[in-house]
Amino acid sequence: MCRFNYLLCLIVLSPATILAETKPSASDSPKSILKIEDFLPERQKWTVSSGVNILNSSSEGSQPGYHINQISPGQYILDRTNAPYRKENNGASAYLSGMYGVTSHLSLSATLNGQWINTKYSTQNNSSSSQSEYKFNGLGVGLSYQLYRLSDYTVFFGGVNAKDGSVGSYVLGASLNWIYDPLVLSFSMGYLDGISKERFSNDFTACTTTGKVIFAVNPEVSLNWGLSKDFINARTAYGDDNEWGSNTSMLVGVNVNLMKDLAGNISHKGGVGGNKSSVISVGLSYKI
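Okay, so the sequence shown: first residue is 1 according to the UniProt record's numbering, each after it adds one.
You may find that some hints are simply not true.
Once the Cα atoms are required to be at most 30 Å apart in a straight line, the calculated DSSO-like pairs of lysine-lysine come out as [said to hold, decoys possible]:
| no. | residue 1 | residue 2 |
| --- | --- | --- |
| 1 | K276 | K120 |
| 2 | K287 | K276 |
| 3 | K260 | K45 |
| 4 | K276 | K45 |
Since the hints were derived computationally from the structure, they do not count as laboratory data.
Required output: the full structure, derived from the provided sequences and hints.
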């Protein structure tokens, strides 16, 4: 019962000691009790996933304002002020992912991802402007390796993303899971550079950590909730410098086994504190 954060590209370079471990059979592995959240394919099998994310974020700031005042004929004073404004992003992204089980532990994946974004600016004087943009974020390829050390069920993952004929980004990370039926405690960490299904821009790098508690209501339905903390290095609004920021979000979701080999999920990631962003995700995973 471990739905991992980064389904888009999974790759890992595992140490030789891990590759040499004695591998339990699928029926003997700790995750054999999992029915819904184990999306990784079996050996020589496929898992096909797709989903849509509804995105919203808002921020407030100020932009320079200038006022020319004539105090007498031929004499003017230029007053500089800051005019407050509000910026709001709304959009949707979609992805299609295929994953192939090379062995019972090693999987390869490929993911296509695109998004539509509408950005709206409004000021105190009731003026506003908006613009829309469509983006194809490229093709992500990678691999994942699962093992039964460090935690009851551990996955190392990573990958690269290619766009316009060149590799421009990558992702590395791990997910550790402790199973206490009917509970699973999940902790994920990752480093992202570029494409993300939950961001409005490719121009950033991020370190992310997520902790979740997953509860199996019954063999067909599970609930999950948790927290995530993101540290993001992104280009500033003015100039070419980058700066670090951080976001904290609350997570809640439900996974449902719709039919044999087909699982669906709905989740919400909402910002807390000064983080005014929200992502609603709907996805399907089918094992072939």
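Flag every earlier hint the structure violates by its number, smallest first. Checked against the structure, the hints that fail are numbers 2, 4, while the rest are satisfied.
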